[in-house]
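Residue numbers (numbering that gives the first Met the number 0), protein chains in the order written: chain B, 0 to 300; chain F, 0 to 411; chain D, 0 to 293.
There's no promise every hint is true.
For the chain D half of the interface with chain B, some residues (derived, Cβ under 10 Å), not all of them [to be verified]:
#: 1; residue: 27
#: 2; residue: 38
#: 3; residue: 55
#: 4; residue: 57
#: 5; residue: 58
#: 6; residue: 87
#: 7; residue: 166
#: 8; residue: 196
#: 9; residue: 223
#: 10; residue: 249
#: 11; residue: 264
#: 12; residue: 268
Straight-line Cα separation of at most 16 Å, EDC-like style, residue types lysine to aspartate or glutamate; simulated pairs [what the hints assert, rightly or not]:
#: 13; chain 1: F; residue 1: 148; chain 2: F; residue 2: 254
#: 14; chain 1: D; residue 1: 56; chain 2: B; residue 2: 148
#: 15; chain 1: F; residue 1: 319; chain 2: F; residue 2: 109
#: 16; chain 1: F; residue 1: 94; chain 2: B; residue 2: 266
#: 17; chain 1: F; residue 1: 256; chain 2: F; residue 2: 152
#: 18; chain 1: F; residue 1: 225; chain 2: F; residue 2: 398
Derived from the structure by calculation, the hints contain no laboratory data. Glycine included, each C-beta is placed from N, C-alpha and C at the ideal position.
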Amino acid sequence: MTIPARVGSILRFEWLGATPTVRLILAPVMIAVFIAYYATILWTLAISFTSSSLLPQYDFVGVAQYTRLFGFLRWKVAFTNMFVFGIAFIFLTLIIGTILAIAIDSRVHAESAFRTVMLYPLSLSFIVVGLVWQWILDPGLGLQAAVRDLGFDSFTFDWIARRDRVVYTLVIAAIWHSSGLIMAIMLAGLRGIDREIWRAAKVEGIPTRRIYISIVLPMLRPMILTCVTLLAVAVVKNYELVVAMTRGGPGNSSDMPSRFVVENLFERSNIGLGSAAAVVMLVSILAALAPYLYLELRKRA
Amino acid sequence: MRHFKTTAAALAIAVSAFAAPAIAADVDVVHWLVSPGESKAIKVLADATDATGNKWVDNAVSGGGAGGRTIVANRYAGGNPPGAFYGQPGPDMHKMADADMLQTTQSVADAEKWDSVLLPIVSQYLKHKGQYSAIPLGLSAHNWMWYSKKIFDEVGVKPPATWAEFIEIAPKIKAAGYVPLVVGGDAWQEAMIFRSVLAEVGGIDFYEKVYIERDAEAAGGETMVKTLELFRKLREFTDQGAGRKWNDATRMVIENKAAIQLMGDWAKGEFNARNLKPQQDFGCDLAPGTHGTYYTAIDVLLLGKLADPARTKAQMDMAKAIVSPDTQAKFGLAKGEIPVRTDVDTSGFDACAQIAIETVKNPANVVPIPDLVLSPDTFGQINDTMSEFWHNDSVTTKEAAAQIGDIIGSAL
Amino acid sequence: MSFSQVSGEQKTGVDIGRIGLYAFLVIAALYFVLPLAIMVSTSLKPMEEITSGSIFKLPSAPTFYAWQKAWSSACTGQNCTGIRVGFWNSVRILLPSLFTSVLLGAIVGFALAQWRVRGAGLLMGMLLLGAFIPMQVILYPLVKIFAFIGLYNTLPGIWVVHTIYGLPIMALIFRNFFAGLPEELIKAARIDGAGFFRIFFQIMLPMSRNVLIVALVLQGTGIWSDYLLGLIIGGAENQPMTVQLNNIVNSQFGEVEYNVNMAATLLTALPPLILYFASGRYFVSGITAGAVKG
Numbered sequence: 000m001t002i003p004a005r006v007g008s009i010l011r012f013e014w015l016g017a018t019p020t021v022r023l024i025l026a027p028v029m030i031a032v033f034i035a036y037y038a039t040i041l042w043t044l045a046i047s048f049t050s051s052s053l054l055p056q057y058d059f060v061g062v063a064q065y066t067r068l069f070g071f072l073r074w075k076v077a078f079t080n081m082f083v084f085g086i087a088f089i090f091l092t093l094i095i096g097t098i099l100a101i102a103i104d105s106r107v108h109a110e111s112a113f114r115t116v117m118l119y120p121l122s123l124s125f126i127v128v129g130l131v132w133q134w135i136l137d138p139g140l141g142l143q144a145a146v147r148d149l150g151f152d153s154f155t156f157d158w159i160a161r162r163d164r165v166v167y168t169l170v171i172a173a174i175w176h177s178s179g180l181i182m183a184i185m186l187a188g189l190r191g192i193d194r195e196i197w198r199a200a201k202v203e204g205i206p207t208r209r210i211y212i213s214i215v216l217p218m219l220r221p222m223i224l225t226c227v228t229l230l231a232v233a234v235v236k237n238y239e240l241v242v243a244m245t246r247g248g249p250g251n252s253s254d255m256p257s258r259f260v261v262e263n264l265f266e267r268s269n270i271g272l273g274s275a276a277a278v279v280m281l282v283s284i285l286a287a288l289a290p291y292l293y294l295e296l297r298k299r300a
Numbered sequence: 000m001r002h003f004k005t006t007a008a009a010l011a012i013a014v015s016a017f018a019a020p021a022i023a024a025d026v027d028v029v030h031w032l033v034s035p036g037e038s039k040a041i042k043v044l045a046d047a048t049d050a051t052g053n054k055w056v057d058n059a060v061s062g063g064g065a066g067g068r069t070i071v072a073n074r075y076a077g078g079n080p081p082g083a084f085y086g087q088p089g090p091d092m093h094k095m096a097d098a099d100m101l102q103t104t105q106s107v108a109d110a111e112k113w114d115s116v117l118l119p120i121v122s123q124y125l126k127h128k129g130q131y132s133a134i135p136l137g138l139s140a141h142n143w144m145w146y147s148k149k150i151f152d153e154v155g156v157k158p159p160a161t162w163a164e165f166i167e168i169a170p171k172i173k174a175a176g177y178v179p180l181v182v183g184g185d186a187w188q189e190a191m192i193f194r195s196v197l198a199e200v201g202g203i204d205f206y207e208k209v210y211i212e213r214d215a216e217a218a219g220g221e222t223m224v225k226t227l228e229l230f231r232k233l234r235e236f237t238d239q240g241a242g243r244k245w246n247d248a249t250r251m252v253i254e255n256k257a258a259i260q261l262m263g264d265w266a267k268g269e270f271n272a273r274n275l276k277p278q279q280d281f282g283c284d285l286a287p288g289t290h291g292t293y294y295t296a297i298d299v300l301l302l303g304k305l306a307d308p309a310r311t312k313a314q315m316d317m318a319k320a321i322v323s324p325d326t327q328a329k330f331g332l333a334k335g336e337i338p339v340r341t342d343v344d345t346s347g348f349d350a351c352a353q354i355a356i357e358t359v360k361n362p363a364n365v366v367p368i369p370d371l372v373l374s375p376d377t378f379g380q381i382n383d384t385m386s387e388f389w390h391n392d393s394v395t396t397k398e399a400a401a402q403i404g405d406i407i408g409s410a411l
Numbered sequence: 000m001s002f003s004q005v006s007g008e009q010k011t012g013v014d015i016g017r018i019g020l021y022a023f024l025v026i027a028a029l030y031f032v033l034p035l036a037i038m039v040s041t042s043l044k045p046m047e048e049i050t051s052g053s054i055f056k057l058p059s060a061p062t063f064y065a066w067q068k069a070w071s072s073a074c075t076g077q078n079c080t081g082i083r084v085g086f087w088n089s090v091r092i093l094l095p096s097l098f099t100s101v102l103l104g105a106i107v108g109f110a111l112a113q114w115r116v117r118g119a120g121l122l123m124g125m126l127l128l129g130a131f132i133p134m135q136v137i138l139y140p141l142v143k144i145f146a147f148i149g150l151y152n153t154l155p156g157i158w159v160v161h162t163i164y165g166l167p168i169m170a171l172i173f174r175n176f177f178a179g180l181p182e183e184l185i186k187a188a189r190i191d192g193a194g195f196f197r198i199f200f201q202i203m204l205p206m207s208r209n210v211l212i213v214a215l216v217l218q219g220t221g222i223w224s225d226y227l228l229g230l231i232i233g234g235a236e237n238q239p240m241t242v243q244l245n246n247i248v249n250s251q252f253g254e255v256e257y258n259v260n261m262a263a264t265l266l267t268a269l270p271p272l273i274l275y276f277a278s279g280r281y282f283v284s285g286i287t288a289g290a291v292k293g
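Please model the entire structure based on the sequences and the hints provided.
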């Protein structure tokens, strides 16, 4: 091709393949997506290399903000918390959601009721639900007080007031919020499995547990992939959960990168630092997920 | 004769044109004072503005920093700055003024003689490069102690004037089954206690050295270590207030479960809502260690720079109306603050406010809260360190003091 | 299809197992229902009962005072007209955005799944990356872009934002569904001379009724619960219900009425809740149809 022809070909998005109609649809979408997502991410990345405080300043200070960031004890705590929270949350929600799906799949009465009860938390935003969970977990107001009133004087459940345990209270509330969705997804997966497989496995005399673990769950891998993706997104976006339940406390022991970023961007007039924190948060989550995503997406190709 | 008539007619028309009222305009105000009590106070300001012939357009968004300031920042980004927005005249105000984002109120200040009528500290902090750059609304103090008269009467001790006194009487209060000092779960609540301890240990001079002069050596030195020691001692007299909000803590004082709470003057709203009378049903005084000093926040409205001269005039009208003695009195009563002017009739203010008014009569008693002098980043970091120290016993006083010294030293 | 159906085990074994099963489910249900129960119960109590009693106690004399106040007279700043003010704004934001974001997601998902786009996996990956970005981080440049193209402070602006930012998850769902359909179907239609849109509207959409419900429910909840975008991009006249809710609930320095807060939250959550109750059955079968298969 001559050079002008090549440029024209590129501009007509012929490299996308498919038909002209499809190209016509995808091209503007890609451009809009590029602007809306990537231009903004790139701006954030650029600002993280400046000394911007209250207002954006376009001076270049290298990695000064990043160095500063990792000098903060609070950031180190928040960053670690994200992984502790993320791993516990993703694993437990997957397991609980799957077990619930298996349970519901066993032709129980009032399946519809059980299902709705588990799904509704998704519709409640955390601003007030977080407060309710705080009440439930508060040693003086909630479970501990109620159980002690019943006579069990030594019952203790004060995780939310303990610096070393408070992150797990966030996990409890987050599981409550999301496991219904995971249950629904895994349930549908279970229902999509051919009954022949069950019959064949039973004929072979394989015990139930083995059937689930060795046959059924591997077939549900694509479902699990979607679940993990959705849950990972929830980990990154847990700002409202933290603010509503613990406000980062006690002290800053339940702080999360999402809250750190927002606080520095908007309350501490630290746009440069907040942007650097956001970049680190995103890069680390994606780095953690990338191997898994690569394996899963490759396999299906 | 003919000339005279024409000239007279021309003059008459000219004069009437000058006397005609200015074109009324809107002032859209972004703020986060949304609670019922605060809304009453806002209404005072809105009514005063409307009375000038202009219109106060209310844009209330709760959530303080993350809510209102986000809106302000993004309105500027979108090219539509707000007519006015709530804030404090701190370093951020100066940054915005430098970036030419604010409308000055110097013209009103000249006409109304603010220099001679306002409290000195207000004039001092409102000026950017010699120009008044905001509308002052009121002064509010952060170093109040609210206490349960019932508990003190019952235990038979006087409310403490210093923390040393507090440590003596606290065990008795604890033995009687009450919480001596109640704190909520936010770093800024703990910070209030910290600052009053600091004032007791090092005096107001030390407070000014650390926060205003930003003396890093002093901030990391022996006095700070002693402050932190005393601060840590107080912890055993609090209870396990997991994530408690400030008003839940105030409620414990109201219900006579806790003896004292350190909180700003907005806590008065909780008592007022239950029709409790100050110094009769509950006690108020300046915080231990801070007697005779008023840790002041200055509530202001900052003005966006607008292109439309009619809207700018509306802003100036609003400035004049809000700083008038009448509005100042009404606003102060509604919000629990004290007026920024020295010539307001304050006889109607309650007993707690009278303590405040007396204290501020001497300018030397008035000290700015860190928000007015340090960047939010700096005092945010100090709060982080202080809060970590409060909750984590393995942080030594020396470590924490050194950190605070570093933070002050690197303060921008 | 459950295991016990196929296996035909002895009745006694199944009975004990099923009792255990039901016990487990009931305990799980309690865990899920507990916060909702506390919210409803608190919303029916007067404030004195809330502050003096246990959160687990049922109201001694239920009253709808809080609900009335939340709906029509709670103060959100200077206006004391409750959260109903925001209701119609939320509806006006929701309906067009929902329509366009689901439609666009379906079209893009279909294109990426079945039309041999080069680098379809990469494109899907790039889209998914977007789902991870917290909105607060990109707010400032987003506003600048929107101001530049003239959509800032407008209702259509919010529609555009919701469409673009809902695209990753929507496209993912539809792509997975359409990828599970047999290729021959589309090949046959193309041989017959049908173009992209004819196949899409006349063949694909009718088949994807269940997936549509899934997408509508997920995206609908997301848009309805959105707070930040409506607040910043929408302009003062278009503030959604969530902003009113936040004003009622989050007043930092004033008196807190917990019962009104609970009632206001439940009222705001009602439309998505109703949607979930009504579509529960479709939701699950929608996923069954392969919406989230790999």
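field: Interface hint compliance - residue 57 of chain D to chain B, C-beta minimum distance less than 10 Å
entry: violated (13 Å)
query: When you check the alpha-carbon spacing of residue 56 of chain D and residue 148 of chain B, does it fall within 16 Å?
result: Since the Cα atoms of residue 56 of chain D and residue 148 of chain B sit roughly 12 Å apart, the hinted pair holds (cutoff 16 Å).
Interface restraint verdict for residue 268 of chain D against chain B (beta-carbon cut-off 10 Å): holds (5 Å)
- prompt: Hey, does the residue 249 of chain D contact hint survive, CB to chain B under 10 Å?
  reply: Since chain B brings a Cβ to about 7 Å from residue 249 of chain D, closer than 10 Å, the hint holds.
- request: Compare the distance between the alpha carbons of residue 319 of chain F and residue 109 of chain F with 16 Å, and conclude whether the hinted pair is satisfied.
  value: holds (11 Å)
When the least beta-carbon distance from residue 87 of chain D to chain B is tested against 10 Å, hint result: violated (19 Å)
Hint check, residue 223 of chain D versus chain B [nearest Cβ-Cβ separation less than 10 Å]: holds (8 Å)
query: Any CB of chain B closer than 10 Å to the CB of residue 166 of chain D?
result: holds (7 Å)
query: Against chain B, with CB atoms and a cut of 10 Å, does the hint on residue 58 of chain D hold up?
result: violated (15 Å)
- prompt: Given the hinted pair residue 225 of chain F and residue 398 of chain F, is their alpha-carbon gap at most 16 Å?
  reply: holds (13 Å)
- request: Mind checking the alpha carbons of residue 148 of chain F and residue 254 of chain F for me, to see if they're no more than 16 Å apart?
  value: holds (11 Å)
message: Hint validation: residue 196 of chain D versus chain B, beta carbon distance must be below 10 Å. Holds or violated?
response: Nearest chain B Cβ about 7 Å off; hint holds.
Hints 4, 5, 6, counting from the list given before, are not met by this structure.
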